[in-house]
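From first to last, the protein sequence lines are chains G and B.
The working numbering puts the first sequence at residues 1 to 381.
The working numbering puts the second sequence at residues 1001 to 1353.
Note that these hints are calculated values from the structure, not bench results.
There's no promise every hint is true.
What the hints assert, rightly or not - A few chain G residues that face chain B, going by a derived Cβ cut-off under 7 Å, partial list only: (1) PRO205; (2) ALA207; (3) VAL263; (4) ARG267; (5) GLY279; (6) ARG293; (7) ALA375; (8) LEU378; (9) LEU380.
From the three backbone atoms N, C-alpha and C, an ideal C-beta is built for every residue, glycine too.
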Amino acid sequence: MQDFSFPAPPTAPDTAELRAEVRAFLAAELAGYPAAERIRSWSGFDADFSRKLGQRGWIGMTWPKQYGGHERSALERYVVLEELLAAGAPVAAHWIADRQSGPLLLKVGTEEQKRTILPRIAAGEFFFCIGMSEPDSGSDLAAVRTRAVPVEGGWRVNGTKLWTTYAHHAHAIILYCRTGAADDRHGGTSQFLVDLTLPGITVRPIADLSGARHFNEVVFEDVILPHSALIGQEGDGWNQVMSELAYERSGPERFLSTFVLFVELVRTLGSQMTPDAAGALGRLGVHLVVLRRLSRSVAGMLQDGRNPALQASVVKDLGALVEQEIPEIARQLMAMEPDLRSHDALSSVLGYSILNAPAFSLRGGTREILRGIIARGLGLR
Amino acid sequence: MSETSQIVRDTANRLFTERISPQLLLGAETGAWLGEEWTLIEEMGLPLAMVGEEDGGVGLDDVDAAMLIRVAGANAVPLPLAETMLANRFLAAAGLPLSSGPATVAPVRPTDRFHLERAGGGWHLSGTAHRIPWARSAQTVLVLAEAGGQTFAVRLDDGQVRTESAHNLAVEPRDSLFVDGAVPDTAVAPLPDGMGFGDLMAMGAALRTAAMAGAIGRVLELTVGYANERAQFGRPIGKFQAIQQSLAVMAGHAAAASGAADLAAEGLSQGARSLTVAVGKARAGEAAGVVATIAHQVHGAIGFTHEHSLHFLTKRLWSWRDEFGNEAHWNRLFGQRMAEAGADGVWPLIASL
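One chain only, chain G, in its complex shape:
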């Protein structure tokens, strides 16, 4: 059995001041911002808002100053993230770049990539999307078929990426693709930093089941990349992607997706809370507090340079369950009908939550795959 323990979260110099600063900023910026918008949060794209965060120094917080970062602690970064999400701030524009593309470049990128890209991410002016999934691969990342072939002066890419969130607004994509033999499932893959304006790239919208557009299909047809686009080592893509996933699976976005609904529920039930309602809400709150602790623990492990892939999978699996449970409990407590277009905040937020909840246990690795990873950690596979 691998080590499943979650060490105590890191302690840092008092973060109360930072937290107060972020809350004051959000109170001002989001005044009058309706719950029906807040519930979108890390799906909500607002480039202006991201730029303001960048000006505050709240993107790329832990990165070295020489790359536009602010050399703050993982715990300080965590404080900012969770405050943004709890308030339902629209963070989608910079979220991917701050969470994983930036850290990936910092870890394995070339000096040129770091110098040219990281400061623009930290300023809240350069947005990324993730090119991992494909039409036929899904959670099986080793099965990707998009291929980069060496050519004179660089690489030629052909293939299709799918479920690429905000590819239509992002500046760049981190492309995970095949560079070696098809039967070398892990060793034959690499990652590239790709400018989405290059000729040969087509971004096509895919509406989700609510009719909203944030997904895309990104098609590469004879796209020519320079040598300098390679991230890290050729053939090392699998390992790089796996360590990237620890960032993707453990953050507060993995249990706060429906937190705005939770808040609206407390608002509506208000002071006439029955003991049963208090018990049901209390239980959800209890789950959130424990998840928050586990998630902060993973942040600490990442800061210490450890590889908490297993713990991150646990957090994501537990987190998705609670995020999905909040709308179900809300229904039972309120006996109201969900309506996306209702003027009643709770009804609308409930509608959004129900229509989006299926994604919580799909995105970032499906539930069954995560549990397979956990089972492997237990020594069963």
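Using the hints provided, position chain B relative to the given structure of chain G.
Just chain B now, kept in the frame of chain G:
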């Protein structure tokens, strides 16, 4: 983990794993008192873990003290270690002499109360409390009672109480305790301001949370071990995806229970003021039910027998989750606190824990 924590954990673990055998656990279920094991525990100073050195104790910090109970829980130790640690903590806080043998605390249920009043040159204490852990074996009983708006600690010896046997599902003593008699001044002392019955409940809950986390971790190990050994249809059952998915769910709850116990341990010294105890007890209690269910499902029929050791742990999980407040009790308390904080205060409350 600090060096002290590691030493405490290793020493206690060695003692418990060496001594607490299935035979011993079976004996305890028939009512045998494990005198030798208790003596070893006392020689290590464990009952004084939560008493400061200045008061004659060992002065472990609360996280390490809870770790002891976690290790005891992992080994299903059938002795009142948590109760004696608690009793001594309260005795020390009141400035009363510490217990020299096994001890327990009363009351442990929200509805039970004792009546304390001045009588003659001393005090008169009367009342009944139910489900008192190990009352029949305790040489000292710490009773909390209110008089004139102040909470007092009363130190009783076993001659001053009458007990009536009852048990939890793990056949651990959970006796009724009856008191009606004179108590000298030297055995009664007020608790420090603000310390009262709620603190006893909360600290008991924190220690049960630790015990549950320990037992849950052990159940996970046992179940994974069994799944890797037991073959059916030509391969170990752990190779079946359905079993793997169930065990992954169990591991998730075990991780949550462990985090819950850490939270509760950090709140231990704050007693009733600490919401992390409410969070910990409620979350670990929920995990206990899920983990026990999956453990028995994976173990199949053999795990359902008295021959197999699994039940020593699962029966304790089914019992401990209902002691010192069940999930409903602590969930409601947390829910009420969120309601009082109001919609816009919910997040600040959660982020403060």
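Here is how each hint holds up against the structure:
1. PRO205: violated, 34 Å
2. ALA207: violated, 31 Å
3. VAL263: Status holds, d = 5 Å.
4. ARG267: Holds. Min distance 3 Å.
5. GLY279: OK, holds: GLY279(G) within 7 Å of chain B, min 4 Å.
6. ARG293: OK, holds: ARG293(G) within 7 Å of chain B, min 5 Å.
7. ALA375: holds, 4 Å
8. LEU378: holds, 5 Å
9. LEU380: holds, 4 Å
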